[in-house]
Amino acid sequence: MPRRLAPGLFALCVLFAPAAPLSAQDSHRGAPAAVDAGLVLPRTPADLAAGAQLFQVHCALCHGAKGEGGKGPTLAVPALPRAADDPALLRLIAQGIGGTEMPASKLGAAEIAQVAAFVRALGRLPVEPVPGDPARGAHLFATKGGCTACHTVAGRGGAFGPDLTRIGQRRSAGYLRRALLEPAADLPQSATPYRSDVSLPENFLFVRAVLRDGRTLAGVRLNEDAFSLQLREASGRIHSVFKADLAALHKDRGFSPMPAYGDLLAPAEIDDVVAFLVSLRRP
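For reference, each letter of the sequence shown is one residue, going 1 to 283 in this note's numbering.
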């Protein structure tokens, strides 16, 4: 029986990829840079500009040009859940996060400090106002939107979709709005082999397993190897099947079972739901 994928849609995306040397002192890179626990983040305009440039090259693809979030979580917040202080942020960047898509950085120690300083500066930017009423959004989420059928908030709701309990801390209003209007926008268009160390949406795949007796099991892939498949139906029921017992296996690349809410909710109601989701910042 295959292993289960740990729950949660919004694991961290790759934050730092290998970078070309920027100075002679960094030409020996390879192993993760050592981090001095007493290092003070640089704050000069030149260092912040360098950090911004590195961020655009290595981080913006997943975290947004202004740290607003995308496939990776938003970084433009006053406090980062995994980096309560500057030494923790430096270690996180240098060493990565085990069991997630964020590897150890290949940047030099000075560059890591510059990027960390820029990330902290993002957290000091004014918060952009979000239109809509969170209370009305919560009501729409639970009633007209039907969102609790698939999503959990504070331990209540379905398990077919990702847990949204702290989604406002991890995703920006813009990302959440796009997810409501274009649910498949951030899903991969080509299927990749299942990886236990990669979370959704990169690992997301809707599958239809046709049994030899003609029945079809349709749902979100939880786990897969060369011989077996595990999926969860919208009802929450989990099925484990051997591929040898299937008549066909369809992998619906780039497909999301979530409806496009632009067809179901009025623009003002979309604003309300986004405001509610943004407000979800505590367990």
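Don't read these hints as lab results, they were simulated from the structure. Just so you know, not all the hints are guaranteed correct.
The following label-pair restraints were derived from C-beta to C-beta distances [to be verified]:
no.	residue 1	residue 2	range
1	61	124	21 to 31 Å
2	251	213	38 to 48 Å
3	238	49	33 to 43 Å
4	42	242	52 to 62 Å
5	213	60	41 to 51 Å
6	243	110	18 to 28 Å
Every value quoted in this text rests on a predicted model; they were computed, and no experiment measured them. Just so it is clear, CB atoms sit at the ideal spot from N, CA and C, and this is done for glycine as well.
Hint-by-hint comparison with the structure:
1. Separated by about 23 Å at the C-beta atoms, residue 61 and residue 124 satisfy the suggested range of 21 to 31 Å.
2. For the pair residue 251 and residue 213, the beta carbons lie near 21 Å from each other, so the given range of 38 to 48 Å is not met.
3. Look at residue 238 against residue 49: about 50 Å separates their beta carbons, and that is not inside 33 to 43 Å.
4. For residue 42 and residue 242, the hinted distance range of 52 to 62 Å is satisfied, since their beta carbons lie about 56 Å from each other.
5. The hint said 41 to 51 Å for the Cβ distance between residue 213 and residue 60, and at roughly 50 Å that hint holds.
6. Checked against the given bound of 18 to 28 Å, the beta carbons of residue 243 and residue 110, roughly 50 Å apart, lie outside it.
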